[in-house]
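A.B. asks: Starting from the two chains in their separate frames, assemble the complex, guided by the hints.
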Amino acid sequence: MIYREAGQFKTSYASDQAIFAIPQDRWFVAVAALAAFVVPPLAATEYWLQAVLIPFLIYSLAAIGLNLLTGYAGQLSLGTGGFMAVGAYAAFKLTTAFPHVNVILVFLLSGLVAAGVGLVFGIPSLRIKGFYLAVATLASQFFLVWLFNKVPWFVNYASSGTITAPNRSVLGVIVTGPNATASVRYLTALALVVVGALAAKNLVRGRVGRSWMAIRDRDIAAEIIGVRPLRTKLLAFGISSFYCGVAGAELVFLYFGSAETLAFDITLSFLVLFMVIIGGLGSILGSFLGAAFIVLVPIFLTNAPQAVGLHLPVALQKQFELMVFGGLIIFFLIVEPRGLARLWQIVKEKLRLWPFPH
Amino acid sequence: MSLKTLLGGALAVALVAGPMAAEVRAQPKEMFIPLLVYRTGPYAPSGIPIANGFVDYFTLLNERDGGINGVKLAWEECETQYKTDLGVECYEKLKGKGPTGAALVNPYSTGITYQLIPKAPVDKVPVFSMGYGMAAAADGRWFPWVFSFPTTYWSQASAVIRYIAQQDGGVDKLRGKKIVHIYHNSPYGKEANPTLETLARQMGFELTLLAVDHPGQEQGATWLQVRRINPDWIFMSGWGVMNQVAIKEAASKGLKMDHFIGNWWSANESDVVPAGDGAKGYKGATFHAPGTGFKVHADLFKFVYDKGKGGGKKDAVGEALYNRGVVNAMLSAEAIRTAMTRYGNKPLTGEQVRWGMENLNLTEARLEQMGMKGFTHPIKVTCEDHEGNGPVLIQQWDGKKWTIVSDWIPPMRDVVRAKIETAAVEEGKKAGYTERDCAKEK
Numbered sequence: 001m002i003y004r005e006a007g008q009f010k011t012s013y014a015s016d017q018a019i020f021a022i023p024q025d026r027w028f029v030a031v032a033a034l035a036a037f038v039v040p041p042l043a044a045t046e047y048w049l050q051a052v053l054i055p056f057l058i059y060s061l062a063a064i065g066l067n068l069l070t071g072y073a074g075q076l077s078l079g080t081g082g083f084m085a086v087g088a089y090a091a092f093k094l095t096t097a098f099p100h101v102n103v104i105l106v107f108l109l110s111g112l113v114a115a116g117v118g119l120v121f122g123i124p125s126l127r128i129k130g131f132y133l134a135v136a137t138l139a140s141q142f143f144l145v146w147l148f149n150k151v152p153w154f155v156n157y158a159s160s161g162t163i164t165a166p167n168r169s170v171l172g173v174i175v176t177g178p179n180a181t182a183s184v185r186y187l188t189a190l191a192l193v194v195v196g197a198l199a200a201k202n203l204v205r206g207r208v209g210r211s212w213m214a215i216r217d218r219d220i221a222a223e224i225i226g227v228r229p230l231r232t233k234l235l236a237f238g239i240s241s242f243y244c245g246v247a248g249a250e251l252v253f254l255y256f257g258s259a260e261t262l263a264f265d266i267t268l269s270f271l272v273l274f275m276v277i278i279g280g281l282g283s284i285l286g287s288f289l290g291a292a293f294i295v296l297v298p299i300f301l302t303n304a305p306q307a308v309g310l311h312l313p314v315a316l317q318k319q320f321e322l323m324v325f326g327g328l329i330i331f332f333l334i335v336e337p338r339g340l341a342r343l344w345q346i347v348k349e350k351l352r353l354w355p356f357p358h
Numbered sequence: 001m002s003l004k005t006l007l008g009g010a011l012a013v014a015l016v017a018g019p020m021a022a023e024v025r026a027q028p029k030e031m032f033i034p035l036l037v038y039r040t041g042p043y044a045p046s047g048i049p050i051a052n053g054f055v056d057y058f059t060l061l062n063e064r065d066g067g068i069n070g071v072k073l074a075w076e077e078c079e080t081q082y083k084t085d086l087g088v089e090c091y092e093k094l095k096g097k098g099p100t101g102a103a104l105v106n107p108y109s110t111g112i113t114y115q116l117i118p119k120a121p122v123d124k125v126p127v128f129s130m131g132y133g134m135a136a137a138a139d140g141r142w143f144p145w146v147f148s149f150p151t152t153y154w155s156q157a158s159a160v161i162r163y164i165a166q167q168d169g170g171v172d173k174l175r176g177k178k179i180v181h182i183y184h185n186s187p188y189g190k191e192a193n194p195t196l197e198t199l200a201r202q203m204g205f206e207l208t209l210l211a212v213d214h215p216g217q218e219q220g221a222t223w224l225q226v227r228r229i230n231p232d233w234i235f236m237s238g239w240g241v242m243n244q245v246a247i248k249e250a251a252s253k254g255l256k257m258d259h260f261i262g263n264w265w266s267a268n269e270s271d272v273v274p275a276g277d278g279a280k281g282y283k284g285a286t287f288h289a290p291g292t293g294f295k296v297h298a299d300l301f302k303f304v305y306d307k308g309k310g311g312g313k314k315d316a317v318g319e320a321l322y323n324r325g326v327v328n329a330m331l332s333a334e335a336i337r338t339a340m341t342r343y344g345n346k347p348l349t350g351e352q353v354r355w356g357m358e359n360l361n362l363t364e365a366r367l368e369q370m371g372m373k374g375f376t377h378p379i380k381v382t383c384e385d386h387e388g389n390g391p392v393l394i395q396q397w398d399g400k401k402w403t404i405v406s407d408w409i410p411p412m413r414d415v416v417r418a419k420i421e422t423a424a425v426e427e428g429k430k431a432g433y434t435e436r437d438c439a440k441e442k
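For the record, the sequence lines run as chains S and Z.
So the first sequence is residues 1 to 358, counted in the numbering used here.
So the second sequence is residues 1 to 442, counted in the numbering used here.
Chain Z extracted, bound-state conformation (with noise of 0.2 Å):
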């Protein structure tokens, strides 16, 4: 047999073979969670610390408690460079895994969100995109299936400008003053605009919407501009390498740094560190502490790294983007607790977790239970909001870590809600879905 064939063979086999060795292996007495992670591509460094604060806390959950009330949780990682045909693929091939199937996805990505959304009522699986996503999905009787509390970019935005007009003396002063969004040009940056643009008609400041295109590599026609425009303030909804581009061309062109905030997947450490001494008095919002010095970390070092079971780096334990992946996995594993207090103390299906998701009230004493007080703010969810529009913190880069330099700052709920209402109308009819009666659930 010459070469030629013996190739053509070991191709076609290898065609053939590949998606089946995709197929499942399953465990009994177990709840399956597929991750979509990205630990590869232009958006590693955001999506890095991200998987492994989520994995960390699982395994934290599984070592120290065996599990969610002794049903233990499975995952499989699926790597989807942030590129949503590659997210479309991973979930199809992880939805239908363990004896239950997905549990509930995040996509970790506001394109593949939109993606998962419309497969979300026909697979019965919850998609929760924590504090990304689809804003308008945020309103639970048009999208019962799509979950962004603690809080949406629309409610971001509002809280940032909020912070801007506390730091400049009171809503009247904001009247005139330049702001700059800088975003990423894809449905996830573009998802703060319109909310941008209603506050800024009604508080009269002048609103410069500059885009970044994919991945953000080349921007200085971008910060040329802004300095042309020379803003009081600019706001930034980056993802990935283009963070950093960012805050160092900021800081080269020797912007006030103390009057530039970043979105909360703008603000992590990876962002920070190759601007150098530059990047010292950044801010970022986000919607927990950074950081390791709250007991839930104590018991992730003891239980899961000095048991050599972390994912990542030791010292790489509270990052931002870890901690958001920690807390990321907390509101998982709780929604699923309270699911589990309904349909009881067994593997549940996508339907059962969505119930607890929607049901789910995380209060301060359960957090002080799990080790997290103070840091994160509890939540409501309810049938009509499944944002809990939970308010939001600024943090600060000193050069060496993030500080919190604010309080909790609410979003403007009177604006935001009203406009989630009005799109989630407009979106839910043209997905072609019909309002629920949130007095009948129950």
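Bound-form chain S, shown alone (with noise of 0.2 Å):
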């Protein structure tokens, strides 16, 4: 009823191919974005923003960046954790050395560095496919963290091997470094995740993101209709770690406030491909349900035994949350294997016909 087609007539190619073609579709959006940019810095408190939607919106562009590559391109890889490091040291060692240069524009500018190391180690795929290109891609999460670990000059020669976001102001505000606050830190994740978004969304509607999907579903097909293989992985792999490098950037002076090699390491890479695997192969919603289901339900499961009067001791709880959180990602891939953006399908789907199913 309130989700019904009929009657909605498109006149034009424009209206056509719009990224949300149905009106309801529009509005939900443009409200949601909206009240996602309203009401937390107005209404949620410190720790909601900092331990929950900063991690889950900097996550969200990590994810977006995998299913891109991924979801989109086909293109298994098990690097995100070391492409999302040389994000942050690309960016902590852009503003030490810069410090007068606008915090946004240097995670851009980590983001170009991750997508150049991206395109280094995305030349295997060419010849490497499936479980054999993760392993691939597996080798250069090795060798990044190795190499941020056992360099000095990537942390500015601090004894501890830590880096740290320093203070760095846009327009006036601070945006990083521990005197930021939340809000600021927030405003700023989410807007660089809604243009990441917007632009994966037109990316992958467009001729470039076609190429990929060819690629994805048969590449000897694709590469007979000319889609040049080279090209398409290599800016597949670049265009990923551009997002994931941003992210990881984000990741260190939005989030952390300070990390160390440890914060990227193997297990980072797997989280942000199970994000992708939940939320749903080669969908950006997907991306962002994935990210959800991981951030959250951990910390649902964390409170929920307290919040019903039910003290548990802290290790057993972890033990809890840790089996019931693997049991539902088991759960969840059994009874919708297509992930939760497909959840979301059926739900719009249902609401289509409802009340009248039939």
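These are calculated hints, taken from the structure and not from any lab test.
Certain hints may be false.
Heads up, simulated BS3-like pairs for lysine-lysine below, C-alpha to C-alpha not over 25 Å straight-line [stated by the list, open to error]:
(1) Z:429 / Z:440
(2) Z:280 / Z:178
(3) S:150 / Z:430
(4) Z:72 / Z:346
(5) Z:119 / Z:83
(6) Z:302 / S:150
(7) S:348 / S:10
(8) Z:430 / S:93
(9) Z:253 / Z:177
(10) Z:178 / Z:253
(11) Z:401 / Z:248
(12) S:93 / Z:119
(13) S:150 / Z:307
(14) Z:178 / S:150
(15) Z:280 / Z:248
(16) Z:307 / Z:72
(17) S:93 / S:150
(18) Z:401 / Z:302
(19) Z:177 / S:93
(20) Z:314 / Z:253
(21) Z:253 / Z:280
Just a few of them, taken from the derived set where beta-carbon distance is under 8 Å, the chain Z residues facing chain S [stated by the list, open to error]:
(22) 39
(23) 77
(24) 88
(25) 115
(26) 429
(27) 432
(28) 434
Note that beta-carbon positions come from the ideal geometry of N, C-alpha and C, so glycine has one too.
C.D. replies: Structure (structure tokens):
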């Protein structure tokens, strides 16, 4: 009833090809985006912003990056943590070398650095496919983390080997560092993720995205119809690493405040890959849903027993959380192998017919 | 409604309700102390005894004395798995709890400490990284909110080198000796390196630094290298599962165990027991005695364990890291007590507790009162010196228990303090702090 398309006619190519073709969708997304910019900074506590929303946004951006590569271009990668580390360390080096450069620009530049590194590590993808490629990208994960741990230049010769986000302001507002308020950091992360998601959505609808999907679905066929594998695959690696690099820089500058290489170890790569798989391969919305699932469900499981008045010892609670979380992942993959984005699609189809399904 | 819609709905509720549940339950007339613990994960063998020691001492204070000067202590544990992101989440969740907010925070991880140091002046919660964390922060003029008493990694490294010199018959005998430092490849493990390098230059011993990557289950290559170097002494900054593996490897390679010294996070029962007899002779640094032979332990049994309120198993009381937890809790409590002499016997804010920490003067008499005479060393903290420059003991594993085999070994303050002050200026300027004038504080 509320979601009925009947009577909506598209009279131009522009309206037919819009990202959100149905007005209800358009309104919903516009209101949601507006609410995301207005409500949390006014209403959310610091805990919500700092421990829940900021990591959710940052991981969403990383998941979008990996989804472009794995979900759209079909190149399985376990190097996400390494590319995020490149972004983080590049941002640190850039902002300490050029303190007056706008920190948002620094994020984008470090994304470019990560893209360059991604291009290099994407080269094997021309010869290696599938799970073998995953193993090859694993090498980048271990090599990059080892490199940042080994060469003290990357941490400006700090004896502890940690990088710390300095205070940097944009237009007079402190955005990074310990003195930046959680609201400002949240808004920065949100703005970047909104722009990133919009760009990614347009990218995958256009020529580039179609060539990625052609390569994903059958690379030989794609080659025959004129998609150049070299350029397409490397572009996927480059753009994906750009997103991951920006997300990595944000992770240190907007979320952690300071970090060591351990923050970018293999578990981070797996985490982002799980977000993409659970959220839905080949779906921008799925990246957000997957990030929400992976970030929020453990927090819920940690706090749920207490909320119902059950005081378990923390160790038991943590183990309980891991078991339930693992169980939930398996459950969702069995019930809906195509991810949470597919669930959302099903809900939308049901809504179209509601309340008269027959 | 189909299963899938039901699922979607349930998931949405769970996602939104999750963080809501983290909201606060406050009680009046209590002081709240957040505990970041790790009872699971690869560092659990080290994390469990510390957490138990800490909680048991606070339970003891509440049960025996009714808290500190009538103010009961409240705490909540939060599992970090020694991971920095979980640590930050825990800190954010717990920092505002209790009627006056968190009194102080013990991060129990150098990684998490580095995260919390910049937040401390903003949130007004002092960071108490007892014997760990950033050594440079021991200069209170630059880092007023961070405390690392009774000592730091740098002081410890210098004391261990002094001990080695004593064993070898004098500082001049160190020239040409080969010393290997095996360290956890993290901010924690790297912390001792600059001091060791300085000392190597001054005293002329040959230093080799060997990193072991997290979590440290695979060390075969490292120990092959050690055997090739054939060092006179091995010093280790390990943590969690890395310690057991290292000690087992050293034993199996036939290295002299009594020339193998762990720092104070590498010398717990759980580290040596898995290596069996091979671990006999292994030494470790500490700043308190092992065992249960002190009055405070009798009290812990009487008021905590006999009432069934113990945090862990009764026979784990007195383990090296358990006792470390007790010392940590005692120092926190004494800092709060000191703050109460100025601000009155009521729940205090983090800012007030900070004053108490800075003016802590733990005397021999006070230690005796608490049943801890000989258990640990007196400390005096000042505005300039947040470390107290406490001396170090060396303990040795005899196959069944730790025994103290040295006197209190003072660190080389002339070397370490100068390094701390230089590093404090450097780190402080990086963070955009200004030096405060300690003459004006009182």
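A.B. asks: With the threshold set at 25 Å, check whether the alpha-carbon distance from residue 72 of chain Z to residue 346 of chain Z stays at or below it.
C.D. replies: Between residue 72 of chain Z and residue 346 of chain Z the Cα gap is close to 9 Å, so the pair holds against 25 Å.
A.B. asks: Can the restraint linking residue 253 of chain Z and residue 280 of chain Z be considered satisfied, given a maximum Cα separation of 25 Å?
C.D. replies: Roughly 14 Å separates the two Cα atoms, so the pair holds.
A.B. asks: So, residue 429 of chain Z near chain S? Judge it on the closest CB pair being under 8 Å.
C.D. replies: violated, 11 Å
A.B. asks: Check whether the Cα positions of residue 401 of chain Z and residue 248 of chain Z lie no farther apart than 25 Å.
C.D. replies: Holds - the C-alpha atoms of residue 248 of chain Z and residue 401 of chain Z are around 17 Å apart, at most 25 Å.
A.B. asks: Is the Cα-Cα distance between residue 280 of chain Z and residue 178 of chain Z 25 Å or less?
C.D. replies: Holds: residue 280 of chain Z and residue 178 of chain Z sit about 22 Å apart, inside 25 Å.
A.B. asks: Given the hint that residue 119 of chain Z pairs with residue 83 of chain Z, does the C-alpha gap stay at or below 25 Å?
C.D. replies: holds, 17 Å
A.B. asks: Between residue 177 of chain Z and residue 93 of chain S, is the straight-line Cα distance small enough, at 25 Å or below?
C.D. replies: violated, 38 Å
A.B. asks: Is the hinted pair residue 307 of chain Z and residue 72 of chain Z satisfied, with a Cα-Cα distance of at most 25 Å?
C.D. replies: This hinted pair holds, its Cα atoms lying about 18 Å apart.
A.B. asks: Report holds or violated for the interface hint on residue 88 of chain Z, using the least CB-CB distance to chain S and a cut-off of 8 Å.
C.D. replies: holds, 7 Å
A.B. asks: Given the hint that residue 178 of chain Z pairs with residue 150 of chain S, does the C-alpha gap stay at or below 25 Å?
C.D. replies: This hinted pair holds, its Cα atoms lying about 23 Å apart.
A.B. asks: Please verify whether residue 302 of chain Z and residue 150 of chain S have alpha carbons no more than 25 Å apart.
C.D. replies: Violated, because 51 Å separates the two Cα atoms, which is more than 25 Å.
A.B. asks: Take the C-alpha atoms of residue 401 of chain Z and residue 302 of chain Z, compute the straight-line distance between them, and say whether it is at most 25 Å.
C.D. replies: The given pair, whose Cα atoms are some 23 Å apart, holds under the 25 Å limit.
When each numbered hint is compared with the structure, violations occur for hints 6, 13, 19, 20, 26 and 28.
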